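Participant: Single-letter residue listing:
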Amino acid sequence: AQTVTQSQPEMSVQEAETVTLSCTYDTSESDYYLFWYKQPPSRQMILVIRQEAYKQQNATENRFSVNFQKAAKSFSLKISDSQLGDTAMYFCAFMKPVSDGLTFGKGTHLIIQP
Amino acid sequence: NAGVTQTPKFRILKIGQSMTLQCAQDMNHNYMYWYRQDPGMGLKLIYYSVGAGITDKGEVPNGYNVSRSTTEDFPLRLELAAPSQTSVYFCASTAMTGATEAFFGQGTRLTVV
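Respectively, the protein sequence lines represent chains A and B. Under this note's numbering, the letters of the first sequence match residues 1 to 114, in that order. Under this note's numbering, the letters of the second sequence match residues 1 to 113, in that order.
Hints listed in this document are in silico derivations from the structure and should not be mistaken for laboratory results. Bear in mind that the values here come from a model prediction, so they are computed numbers and not experimental data. Careful: at least some of the hints might be erroneous.
Restraint-style ranges between C-beta atoms, simulated for each label pair [stated by the list, open to error]:
#1 A/THR18 to B/LYS14: 41 to 51 Å
#2 A/ASP26 to B/ASN65: 43 to 53 Å
#3 A/TYR54 to B/SER84: 38 to 48 Å
Just so you have them, the derived chain A footprint on chain B, three or more residues with Cβ under 8 Å [said to hold, decoys possible]:
#4 43 to 57
#5 62 to 71
Beta carbons are placed, not taken as given, at the ideal position from N, Cα and C, and that holds for glycine.
Using the sequences and the hints given, assemble the complete structure.
Facilitator: Take a look at the structure:
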């Protein structure tokens, strides 16, 4: 079984700053997929970014980018030029190729201060 | 474009009662999932289905049952509700395996008293 660990329960930064959320995972699989999901107070789960383990290039989506270190089993999320709307819970998630569901970390509550 | 629709959004149950959480998707996705989210925790997989007529247990299936008679619907049944089932329940669907985006419903907040 795989596990996902997010060691930062809560983080707070000023608007426009850059923030990095940490995620480590443990698996015996060689092929898998990693995701960051955002959950604002509305409770809706929103995909932020995804990474295929076989791709060495780190994924980027506008202000969001990841630092994927396969050997270290690390998958951190960097948010540049943070905005008030980025305030939310952020969950790191893992999935095997057979799609028997996502394994989530406990989440990091990110607060962007004006 | 409705996506994944869950009903109800809120529900209070008494211990020992039963109920069904409804989930429907209109994207013709084969894969559907039920998760629960306890306070301060990530989502945990209860059951999943890879297509009509096929279901399988996830990490925390005890106390729940599912069925998948159509591609669109994936109801979750709670029998003999217990306080430990107080949680927020999410239904999700994906089109295929891999790095495909999972689409989530808005969640059902269930309280068992």
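Participant: If a hint holds in the structure, say so; if it doesn't, say that too.
Facilitator: Hint check:
no.: 1; hint: A/THR18 to B/LYS14: 41 to 51 Å; result: holds (49 Å)
no.: 2; hint: A/ASP26 to B/ASN65: 43 to 53 Å; result: violated (31 Å)
no.: 3; hint: A/TYR54 to B/SER84: 38 to 48 Å; result: holds (39 Å)
no.: 4; hint: 43 to 57; result: holds (count 6)
no.: 5; hint: 62 to 71; result: violated (count 0)
Violated hints, listed in ascending order, are 2, 5; each of the other numbered hints is respected by the structure.
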